[in-house]
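Chains A and B are the protein sequences, given in the same order. For the record, in the first sequence the residue sitting at position 241 is 241 according to the numbering used here, with numbers rising by one throughout. When you read off a place in the second sequence, starting at 1, and then add 444, the result is the number in the numbering used here.
Read the hints as simulated data drawn from the structure, not as lab findings. All C-beta atoms in this analysis are idealised placements derived from N, C-alpha and C, irrespective of residue type, glycine included. Just to be clear, a hint being listed does not mean it is correct.
[To be verified] Part of the chain A face toward chain B, derived, beta carbon under 8 Å:
id : residue
1  : Gln91
2  : Gly105
3  : Ala109
4  : Asp344
5  : Tyr360
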Amino acid sequence: MNPLDACDRVLDLVRATAGDTAEAQVTVTTGTSALTRFANSFIHQNVVDNSVDLTVKVTIDGQSASATATGAESEALGRAVRAAVEASRVQPPDPAWPGLAPPSGPAPAGSWDEQTAAATPAVRAGLVAEFVQAVAGLEAAGYCETTALQAAYANTAGQRLEGRSSTATLDGIARAPASDGSARQMSAAVGDLRGADAGAAAARLARSGTDPIDLEPGSYEVVLGPGCVGDLMLFLGFYGFNGRAVAEGRSFAQVGEARFDPSVSIWDDATGLGAVGLPFDAEGTAKRRVDFVADGTICGLAHDRRTAAAAGVQSTGHAIEGGESFGGVPSSLFLRPDAATAEDLVGRMEHGLLVTDFWYTRVLDPRTLVTTGLTRNGVFLVENGHVVRPVGNLRFTQSYVEALAPGNVLGIASDAQLTPMFFGTCTAPTIHLASWHFTGGASG
Amino acid sequence: MFDIASAAVEAALAAGARYADARVMLRRSEMMSAQNGDVEALRQSEGSGLGVRALLGSSWGFSATTELDSVAARRTGTQAAETARASTAVPGPQLDLAPIPVVTDHWESGCVEDPLAVSLAVKGDLLVGVTGGMHRAGAPVAQASYQIWDTEKWLVTSEGSRISQRIRECGAEMSATAVGEAETQRRSYPGIGGQYGTEGWELVRRLDLPGNADRVAAEAQALLAAPECPAGVTDLILGGEQMALQIHESVGHAIELDRILGWEAAFAGSSWLDLNRLGTLRYGSDLMNVTADATLPGALGSFGYDDEGTPAQSVPIVVDGIWVGVLSGRDTAAIAGVPAGGMVRGDGFNRLPMVRMTNVGLLPGDSSLTEMIGATDNGILMDTNRSWSIDDKRLNFQFGCEIGWEIRHGKRGRMLRNPTYTGVGPRFWASMDMVGGPDEWVFYGTANCGKGQPMQVGHTGHPAVPARFHGVRVGVRG
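Bound-form chain A, shown alone (with noise of 0.2 Å):
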């Protein structure tokens, strides 16, 4: 099935069912989503979903509603259209409504890897295969996935985008008695995965966590990794840099004040080197890169057709499929890395903490980013620029703004890397911040 074909024919029931005058939007979206599942040195979980997916949005005399289904025959078709179609009627005009998006060029090129798209359940249990060998005494656990998604939208107004996308990611943690250590890899193509190396670094990490000591709350000098800072910019992103937030005065981000170091730059860009996903948004926006921070100061923010109108604006391609509520959502964070590498910082720092991992962090109050959480996989104890010893987790209740603050970031490191995050993806190197506010141990 063509996305772009099965949209045209949505556009063309709308047209005959509510005749010229509604607008109309279509997003079809297919493929295949795998995912093989390890726990206990074994697959337990091994999962292949072939999808088809479409979302009809229509919108007479200002007056909107959505229906969505699955499958593409011609009586879900039918059905999704005529939902959209009577509910809209009954519906009380939307003042705000943007209208459509125009008709642009193509979308820009998304991320795609023919072997990605053919990936057996045999590829993925070979991946795992080679990460349980690689933890060898240890038990393993984590997940291999690839997905490959074609997806299309088209309007009323004229615009019509096809994209595709294909990504691999292998994620696993190696569990010593007392310790668990992870590594992640990710990319458009399952070839870049290596489950040895991934297996091997876990295993390491997770063998040097060993005999943790717990230490006093208070707080730290820290070096995040690319995991840790990978959930710093998806809460900056989703509560910050979202320009509906910043309307309603529900987030910190004000454009032109310089809240961060002068390190630190941050971008979201879904067509950027290595990023991966869909190369438009739920309205028909292509991706680009739109700059939220250059050197400390605020310089952009994340829009929707609705938040953008209503900033008088262009939509920077943010919308989400059913986001209505949210806003605009950055879902290809990236923060600018530096020359240093990972070990300078840990070199630099006299007495701090090496995190590897955040776990659980949830936002206390979306205008302070103040969140709370825990370490997880390695928490090491720093010394003269040394790890002397790891430390057992911590809870940390820290301000997400504040841990980037003009002068408490000391450096960042090269090593940026693709992490799957719970919304989306960041890159993101390993940083060093003069100041991280542990509040208390996790075995209290």
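Using the hints provided, position chain B relative to the given structure of chain A.
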């Protein structure tokens, strides 16, 4: 639909599976959201498809398709078996399935007023009315939404069960956010994310959103000027909504047998519980009695059969403070040597059924919120969850609430903003010394429980009452 599922099961067996089951699922859903008196989104969804599980040796495979015909069903059944065959490249120990009865049955949840049949105008007027009212009452951001799910399932197992179910669920929520100089404050009703159940629209009417709108808006504004929750160790009274979250995070997830066995270790985490201590471990005080009861009428975690065809049941989890039960499916139960608990569900036809909470709740005691306040000389009352974080063994937690009140000399005093508390599960539960009675027992519903990879969103219920805890650390700040 049974024929399509049967074709998939037959194909999986023909491809080498020693056990297979197939679920055809049709789900219609609807959500509407409004802000400040305007409807922002209305989405109606219809999804249907087939999901097949195949067990080959000790290895599982799962495959799903949106194509509902016998050809696609056979192809999907074969793919499930082939995926299981790939799993045998990294095999686990021998895997058995705990026995369950072979059943042919149909089950439906109760529903007085079909929520999808209620007119969009009525539903829209409700959201427009309450958000407009809260906005006019001073809330800069006033939001409300409802969600409805109408799910039909047809399950066929290679052991001979053929079970159909229709489960209707709905619920609603509203919130007011006040914006201050340096922070925001939010009040939600009936709680963060709303209140949901396996009921019809009568549930939403019963919530009485309009009757609470002014209070919610006023409390959000008042919180901006309220004093900060003091830091220290004190007696803590939790309202019912926060108790539901406390149960969900520090009991519900901890007793999931797949976690205990390490199957979720890399992502959601494991559990502090050791199966060798099932039946002897003290989880909390003598007042702590917890069940996982999938038979409670109207509760969000209720059903007739789980997605393996195990009948819904009530399983004791904690009795007089002693840990006695787990949440299980057929494979995990066989490993642990316990009966199949009937707690395996999948989020949609295209998601592998896995161990999920049913209605994990605290049984009522003999006190009341009024009595708890009256019996507390120095403490804090907190309610309505705002943030939640717990470690990967489900021990160390830190929860924030939307609102708190000082308790002095048996009376509720001034409002407190940014209340938080932290603790370690068994120590916290051991400090519970007063538990609300049957009159305060509410079946809270959580419609956004994330678990699994690919991520699945589960619907879980949490019967809860207010309770008092002694010597709790509060007021943790960044």
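Structure-based check of each hint:
{"no.": "1", "hint": "Gln91", "in the structure": "holds (6 Å)"}
{"no.": "2", "hint": "Gly105", "in the structure": "violated (29 Å)"}
{"no.": "3", "hint": "Ala109", "in the structure": "violated (26 Å)"}
{"no.": "4", "hint": "Asp344", "in the structure": "violated (28 Å)"}
{"no.": "5", "hint": "Tyr360", "in the structure": "holds (5 Å)"}
When held up to the earlier numbered hints, the structure conflicts with 2, 3, 4 and fits the remainder.
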